[in-house]
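Protein chains in written order, with our numbering: chain A, 345 to 454; chain B, 1100 to 1215.
Be a bit skeptical, because a hint or two may be false.
Stated by the list, open to error - Here are the computed lysine-lysine pairs in the BS3-like style, where the Cα-Cα straight-line distance is at most 30 Å:
| id | chain 1 | residue 1 | chain 2 | residue 2 |
| --- | --- | --- | --- | --- |
| 1 | B | 1165 | B | 1141 |
| 2 | B | 1140 | A | 436 |
| 3 | B | 1154 | A | 436 |
| 4 | B | 1140 | A | 423 |
| 5 | B | 1119 | B | 1165 |
| 6 | B | 1154 | B | 1141 |
| 7 | A | 389 | B | 1140 |
| 8 | B | 1113 | B | 1140 |
| 9 | B | 1163 | A | 386 |
| 10 | A | 436 | B | 1165 |
| 11 | B | 1154 | B | 1119 |
| 12 | A | 386 | A | 423 |
| 13 | B | 1165 | B | 1154 |
| 14 | B | 1113 | B | 1163 |
| 15 | A | 386 | B | 1113 |
| 16 | A | 436 | B | 1163 |
| 17 | B | 1165 | A | 346 |
| 18 | B | 1140 | A | 346 |
| 19 | B | 1140 | A | 386 |
| 20 | B | 1141 | A | 423 |
| 21 | B | 1165 | A | 386 |
| 22 | B | 1141 | A | 346 |
| 23 | B | 1119 | A | 389 |
| 24 | B | 1119 | B | 1141 |
| 25 | A | 389 | B | 1165 |
| 26 | A | 436 | A | 389 |
| 27 | B | 1141 | A | 386 |
| 28 | A | 389 | B | 1154 |
| 29 | B | 1154 | A | 386 |
| 30 | B | 1163 | B | 1119 |
| 31 | A | 389 | A | 346 |
| 32 | B | 1163 | A | 389 |
| 33 | B | 1141 | A | 389 |
| 34 | A | 386 | A | 346 |
| 35 | B | 1119 | A | 386 |
| 36 | A | 346 | B | 1154 |
| 37 | B | 1163 | A | 346 |
| 38 | B | 1141 | B | 1163 |
| 39 | A | 436 | B | 1141 |
| 40 | A | 346 | A | 436 |
Rather than coming from a laboratory, the hints here were simulated on the basis of the structure.
Bear in mind that the values here come from a model prediction, so they are computed numbers and not experimental data.
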Amino acid sequence: RKEVEQDPGPFNVPEGATVAFNCTYSNSASQSFFWYRQDCRKEPKLLMSVYSSGNEDGRFTAQLNRASQYISLLIRDSKLSDSATYLCVVNKGGSYIPTFGRGTSLIVHP
Amino acid sequence: GAVVSQHPSRVICKSGTSVKIECRSLDFQATTMFWYRQFPKKSLMLMATSNEGSKATYEQGVEKDKFLINHASLTLSTLTVTSAHPEDSSFYICSASRESIYNEQFFGPGTRLTVL
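The shape of chain A in the complex, shown without the other chains (with noise of 0.2 Å):
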């Protein structure tokens, strides 16, 4: 099992929708999460960290479930500019060292 697994979509929805991802993690131990938002032939943006009581921003909202270990994100009311790459990042337990995953390729079609 990879250490941090998302599906690579792409996820085809129209402006306005509702959207989510989940990540998995495979280390029971991991103590930070984060969601990066990457663009084509750009560098990954911090979109949110993902805190364990959850946490909203505006139109995104982040969810951790220790349980079953996976982070979610969800996007509403979709716009055309969230169309992008997002990256589920988990850092090891016990160390600073990130684990990417593949990302999830989000396009929002009008």
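Please arrange chain B on chain A, whose structure you already have, making use of the hints.
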């Protein structure tokens, strides 16, 4: 978010030359920086973890003598691709870890290396 710069943004060089890439954290100190490589339509691949004042830790399969890393200060890490060959052409991205309870990483804009 915190700012990380990377220089140069684009390099085209001849086979056999060495290329140095700089990564700087501009508004925070980073004891740990990371170097990644990304081929087209592929995932980010961690090459090495750069620790200020100590030797870098390389991932399996990454040649430390080919990819020299120096983390001389809390705001600067450099990656030197020695004797570059066409197969080294890639997008090299650094990130700096800001110390907090979450240790978020912030990425530089990347360096696109093309070796002819």
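Hint by hint, here is what the structure shows:
1. For the proposed pair residue 1165 of chain B and residue 1141 of chain B, the alpha carbon gap of about 22 Å is at most 30 Å, so the pair holds.
2. In summary, the hint linking residue 1140 of chain B to residue 436 of chain A is supported, as the alpha carbons are separated by about 25 Å, within the 30 Å threshold.
3. Annotation: proposed proximity of residue 1154 of chain B to residue 436 of chain A holds, straight-line Cα distance about 20 Å (limit 30 Å).
4. With a C-alpha separation of about 23 Å, the suggested pairing of residue 1140 of chain B with residue 423 of chain A holds against the 30 Å cut-off.
5. For a cut-off of 30 Å, the pair hint linking residue 1119 of chain B to residue 1165 of chain B stands: about 12 Å separates their Cα positions.
6. Straight-line distance between C-alpha atoms of residue 1154 of chain B and residue 1141 of chain B comes to about 28 Å, which keeps the hinted pair within the 30 Å bound.
7. Proximity of residue 389 of chain A to residue 1140 of chain B is assessed by CA-CA distance (about 17 Å); at most 30 Å being required, the pair is judged to hold.
8. Restraint check: the Cα-Cα separation between residue 1113 of chain B and residue 1140 of chain B comes to about 24 Å, which is no more than 30 Å; the hinted pair holds.
9. Annotation: proposed proximity of residue 1163 of chain B to residue 386 of chain A holds, straight-line Cα distance about 26 Å (limit 30 Å).
10. For the hint linking residue 436 of chain A to residue 1165 of chain B, the alpha-carbon distance of about 27 Å falls within 30 Å, and the restraint holds.
11. For a cut-off of 30 Å, the pair hint linking residue 1154 of chain B to residue 1119 of chain B stands: about 17 Å separates their Cα positions.
12. Under the criterion of a C-alpha separation no larger than 30 Å, the hint pairing residue 386 of chain A with residue 423 of chain A is consistent with the structure, at around 19 Å.
13. With a C-alpha separation of about 14 Å, the suggested pair residue 1165 of chain B and residue 1154 of chain B falls inside the 30 Å cut-off, and the hint holds.
14. Under the criterion of a C-alpha separation no larger than 30 Å, the hint pairing residue 1113 of chain B with residue 1163 of chain B is consistent with the structure, at around 21 Å.
15. Pair hint residue 386 of chain A plus residue 1113 of chain B holds up; C-alpha atoms about 24 Å apart against a cutoff of 30 Å.
16. Between residue 436 of chain A and residue 1163 of chain B the alpha-carbon distance is near 23 Å, which keeps this suggested pair within the 30 Å criterion.
17. Among the hinted pairs, residue 1165 of chain B with residue 346 of chain A is consistent with the structure: their alpha-carbon atoms are about 28 Å apart, no more than 30 Å.
18. With a C-alpha separation of about 19 Å, the suggested pairing of residue 1140 of chain B with residue 346 of chain A holds against the 30 Å cut-off.
19. For the suggested pair residue 1140 of chain B and residue 386 of chain A, the alpha carbons sit about 12 Å apart, so the restraint of at most 30 Å is met.
20. Only pairs whose Cα atoms come within 30 Å are accepted, and residue 1141 of chain B paired with residue 423 of chain A is accepted, the gap being roughly 25 Å.
21. Annotation: proposed proximity of residue 1165 of chain B to residue 386 of chain A holds, straight-line Cα distance about 25 Å (limit 30 Å).
22. Straight-line distance between C-alpha atoms of residue 1141 of chain B and residue 346 of chain A comes to about 16 Å, which keeps the hinted pair within the 30 Å bound.
23. The straight-line distance between the Cα atoms of residue 1119 of chain B and residue 389 of chain A is roughly 24 Å, inside the 30 Å bound, and the hint therefore holds.
24. Proximity of residue 1119 of chain B to residue 1141 of chain B is assessed by CA-CA distance (about 23 Å); at most 30 Å being required, the pair is judged to hold.
25. Taking the CA atoms of residue 389 of chain A and residue 1165 of chain B, the gap is about 28 Å. The hint holds against a cut of 30 Å.
26. Among the hinted pairs, residue 436 of chain A with residue 389 of chain A is consistent with the structure: their alpha-carbon atoms are about 20 Å apart, no more than 30 Å.
27. Distance restraint check for residue 1141 of chain B and residue 386 of chain A: the Cα-Cα separation of roughly 13 Å lies within the 30 Å cut-off, and the hinted pair is therefore satisfied.
28. Straight-line distance between C-alpha atoms of residue 389 of chain A and residue 1154 of chain B comes to about 27 Å, which keeps the hinted pair within the 30 Å bound.
29. For the suggested pair residue 1154 of chain B and residue 386 of chain A, the alpha carbons sit about 28 Å apart, so the restraint of at most 30 Å is met.
30. The suggested pairing of residue 1163 of chain B with residue 1119 of chain B holds, with an alpha-carbon distance near 14 Å, which does not exceed 30 Å.
31. Distance restraint check for residue 389 of chain A and residue 346 of chain A: the Cα-Cα separation of roughly 23 Å lies within the 30 Å cut-off, and the hinted pair is therefore satisfied.
32. For the suggested pair residue 1163 of chain B and residue 389 of chain A, the alpha carbons sit about 27 Å apart, so the restraint of at most 30 Å is met.
33. Under the criterion of a C-alpha separation no larger than 30 Å, the hint pairing residue 1141 of chain B with residue 389 of chain A is consistent with the structure, at around 17 Å.
34. With a C-alpha separation of about 25 Å, the suggested pairing of residue 386 of chain A with residue 346 of chain A holds against the 30 Å cut-off.
35. For the suggested pair residue 1119 of chain B and residue 386 of chain A, the alpha carbons sit about 20 Å apart, so the restraint of at most 30 Å is met.
36. Distance restraint check for residue 346 of chain A and residue 1154 of chain B: the Cα-Cα separation of roughly 28 Å lies within the 30 Å cut-off, and the hinted pair is therefore satisfied.
37. A hinted pair counts as satisfied when its Cα atoms are at most 30 Å apart, and residue 1163 of chain B with residue 346 of chain A qualifies at roughly 25 Å.
38. Straight-line distance between C-alpha atoms of residue 1141 of chain B and residue 1163 of chain B comes to about 22 Å, which keeps the hinted pair within the 30 Å bound.
39. Simply put, residue 436 of chain A and residue 1141 of chain B have alpha-carbon atoms about 22 Å apart, close enough for the 30 Å limit, and the pair holds.
40. Distance restraint check for residue 346 of chain A and residue 436 of chain A: the Cα-Cα separation of roughly 13 Å lies within the 30 Å cut-off, and the hinted pair is therefore satisfied.
In this structure, every one of the numbered hints holds.
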